[in-house]
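J.: Now for the letters of each chain:
Number of protein chains: 2
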Amino acid sequence: MSDTVATAETDPMDSPFVRALISRIRADDMYGAWENKKDSALLREYIVTKEERRAIPMIGDPDPDTLSRVEHFYQAVGLAVEQVTGLMASPMMKMSHEGFGRVMLTSGKLVVYSKTLRDMHRFGFEDHAALAREGMKAVQAAVAAIEEFPEVARA
Amino acid sequence: MSDTVATAETDPMDSPFVRALISRIRADDMYGAWENKKDSALLREYIVTKEERRAIPMIGDPDPDTLSRVEHFYQAVGLAVEQVTGLMASPMMKMSHEGFGRVMLTSGKLVVYSKTLRDMHRFGFEDHAALAREGMKAVQAAVAAIEEFPEVARA
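Taken in order, these protein sequences are the chains called Z and F.
Under my numbering, think of the first position of the first sequence as 30, with each following residue one higher.
Under my numbering, think of the first position of the second sequence as 30, with each following residue one higher.
Keep in mind that the hints were calculated from the coordinates and are not lab data.
Hints may contain errors.
Chain copies aren't distinguished; within one or between two, either way the pair holds.
Below, a list of computed lysine-lysine pairs in the DSSO-like style, where the Cα atoms sit at most 27 angstroms apart [as the list claims (entries may be wrong)]: (1) K123 / K67; (2) K144 / K67; (3) K166 / K123; (4) K123 / K144.
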C-alpha cells in the first residue's frame, strides 16, 4: 500500500478519495457558481445525520439527485484508484427498485469492487471523517484486488 | 473448448445458448399459457428482418419489452456459460439513454464479457441461425476469458 493511501486516516479532507470527490463535484459546476464555495460546503450533501436519516421517507425510487450523489461517490472511488494505481477503474451502477441496486468497479477484465446497495434514499455519512473512511475503504479494497491480479486489471 | 460448444454450428436450435434462451423465456410463463407453443415461436420476438428493422423508430428510450428481450438474451449467455464451465456468469445491464447502454457479465472477480449496446430499439437477428451464432459468440468469448483466468473467475 502506498503512502498516499496510508495518510487517509490523518486528515479526512486530504484523502485521495475526498479530493477526487471534490473534483468530481466541481466538474459539474460549468458556470463557476460554486467557485467561492468551500470544499466542506460542497460535501454537505453527503452528510446525513441520524435524525435526518430517520426523516427521509423510503417510498418509491430515490430521486435523480440522490442517485447522482451515489454515482459521484463511486466515480470518486474510481478516480482515487486511478491516482493510486495508474489504472482506470470505471464504475457501473444499476438501480433495480425501491432504493436497491448494485455497483461494480472494473479495471480491464478485473472486478476491483462490487457492492449491493440498499436504502439508497438515505445514502450519506455521519460526518466528513466517516465519508472519507468509507470512500477510502472502497479505494483500498480495489487497490488490493489490482495488486492481487495485476495482469487481469491490465487485460 | 468442449464438444457442447463445438456443436453450436450444426443445428442453431440445439446450441447451449438457444436452449438456455428458451428456458429463460419459458421461466416467465408462470401460468403455462405458452406450454403448447413451439420453441421457434417463442424465439420469434428475436427475429427482426431488415424490413422490420427499418420500420422501428429510434426515438426516445426503448420500451420495457425491448429491454427485457435484451436482458433475457444476456441472461441466456450467462446460463450457457454456466452449463459449459460450471461457473455462474451473471449479467449486469445498464441502459443510459436513447437506446445506448452497456452489458457486462462477470464470474467471481472476472469480467468474462463486456459490450457497449447501441440501437437497442432494434435488437434482433435476421434468422434463428444468426441469433444462435451471435449468442454462441458471446458464450465462447466468456468461456475463453474463464479459461485464461480461471483463478480470478473462482475468486
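J.: Does each hint fit the structure? Answer for all of them.
T.: Structure-based check of all given hints:
| no. | hint | in the structure |
| --- | --- | --- |
| 1 | K123 / K67 | neither (31 angstroms within a copy, 34 angstroms between copies) |
| 2 | K144 / K67 | neither (31 angstroms within a copy, 40 angstroms between copies) |
| 3 | K166 / K123 | both (21 angstroms within a copy, 25 angstroms between copies) |
| 4 | K123 / K144 | both (11 angstroms within a copy, 16 angstroms between copies) |
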